[in-house]
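In terms of UniProt numbering, the sequence shown opens at residue 1 and continues consecutively.
Please note that the accuracy of each hint is not assured.
[Claimed, not checked] Below are the DSSO-like pairs computed for lysine-lysine, each with C-alpha atoms no more than 30 Å apart in a straight line:
id, residue 1, residue 2
1, Lys-248, Lys-318
2, Lys-285, Lys-249
3, Lys-244, Lys-279
4, Lys-266, Lys-322
5, Lys-266, Lys-333
6, Lys-263, Lys-158
7, Lys-333, Lys-285
8, Lys-203, Lys-248
9, Lys-249, Lys-76
10, Lys-329, Lys-318
11, Lys-23, Lys-333
12, Lys-223, Lys-239
13, Lys-263, Lys-333
No lab work stands behind these hints, which were simulated from the structure alone.
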Amino acid sequence: MNIYQQIEAEIQAASHIVITAHKSADGDSIGSSLGLLYFIEKLGKSAVICHPDKAPDFLYWMDTSSILLMEETPEKVTNAFEEADLIFCLDYNATNRVGPEMQVLLEQATCKKIMIDHHLNPEEFPFLTVSETTVCSTSQLIVELIEQSGHGDLLDEKIGTPLYLGILTDTGSFRFNSVQPRTHEILAKILAAGVEHHLIHEKLNDNNTESRLRLQGYAMSEKLEILYDYNVAIISLSKEELAKYNYKKGDTDSLANLILSIKGMKAAIVFTERDGIMKISFRSKGTENPVNVLATEHFNGGGHANASGGMSELTVTKTLNKLKDLIPKYFPKN
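All chains should be built: construct the whole structure from the sequences, respecting the hints.
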């Protein structure tokens, strides 16, 4: 029995299944959660999704009504954890990734926990762990669960649509080096199941608000700094600047990839002042320019070699200066 068959057996044996994902939801955490939920329902079982907080508005073209949010309905989430006899931990590798409130519930839960994830250095708290750090997304691993547990015939448009979304967003529209031949094999299976991929691209990309575009235009024209000696680009945005353009969660998500597209850039760093801290997004190109080490060693973060996150409790100016001081230590001079 392979591990995916073991997971399917645990699903069949469970009565109260909870699906969790990390704080600050993205396309992969939303996609893998919904894809797993619909698969479980196809098996004739039921489950509830519990996330720490809302996803960005541009992901809400999907039906997210089945997702309970800790920040909005803590009583319902608490009850779900107390009743759970099986908890899925999707797209995160450590209990603190679900935020402090849900972390308490997760760690206090005595039921079996199953991790399905693709990030480095997973903690050892789960009963079963699928940790495939070379795979592009957790959504791809959910397809593997469906296929390798012997239920590939259950993959349909409803299950496949959120999983395609997860793979699409976590690969930067299939541009990152984490995309493997197997990724395209799985995409072919999803399309064969009836998923209309062109509609997903349209709903994901053709939904800008005026304020979002104006914020991005301001960031590019007024806040972009390029360290040409190292081919590293940085954008910093204060809480006042975000408020001026009616910032909503997700409005700056594409900025790092946008400035990384500048000819010759090795890395891009974007940080924004939110909730009293600087939230930092690191992106880079190539195996010779990893950013996860910088994020881990200096900004209480981490992630993939070319896509990581971090945070700073310093001011905007001090965080910017700290980054500029560190860049020469992590990126070779041209």
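Going through the hints against the structure:
This hinted pair checks out: Lys-248 and Lys-318 have alpha carbons roughly 24 Å apart, not beyond 30 Å. Between the alpha carbons of Lys-285 and Lys-249 the distance comes to roughly 25 Å, so the proposed pair stays at or under 30 Å and holds. Between the alpha carbons of Lys-244 and Lys-279 the distance comes to roughly 18 Å, so the proposed pair stays at or under 30 Å and holds. A threshold of 30 Å between alpha carbons decides the hint, and for Lys-266 with Lys-322 the separation of about 19 Å falls inside it, so the pair holds.
As the CA atoms of Lys-266 and Lys-333 are separated by approximately 11 Å, the hinted pair is consistent with the 30 Å bound. Between the alpha carbons of Lys-263 and Lys-158 the distance comes to roughly 39 Å, so the proposed pair goes past 30 Å and is violated. Distance hint between Lys-333 and Lys-285 is fulfilled; the C-alpha atoms sit about 16 Å from each other, no more than 30 Å. Proposed proximity of Lys-203 and Lys-248 is supported: the alpha carbons are some 18 Å apart, at most 30 Å.
Proximity of Lys-249 to Lys-76 is assessed by CA-CA distance (about 24 Å); at most 30 Å being required, the pair is judged to hold. For the hint pairing Lys-329 with Lys-318, the CA-to-CA distance comes to about 18 Å; that is within 30 Å, so the pair holds. For the hint linking Lys-23 to Lys-333, the alpha-carbon distance of about 36 Å lies beyond 30 Å, and the restraint is violated. Annotation: proposed proximity of Lys-223 to Lys-239 holds, straight-line Cα distance about 14 Å (limit 30 Å).
The hinted pair formed by Lys-263 and Lys-333 meets the criterion: a straight-line CA distance of about 16 Å does not exceed 30 Å.
This entry does not satisfy hints 6 and 11, going by the numbered hints stated previously.
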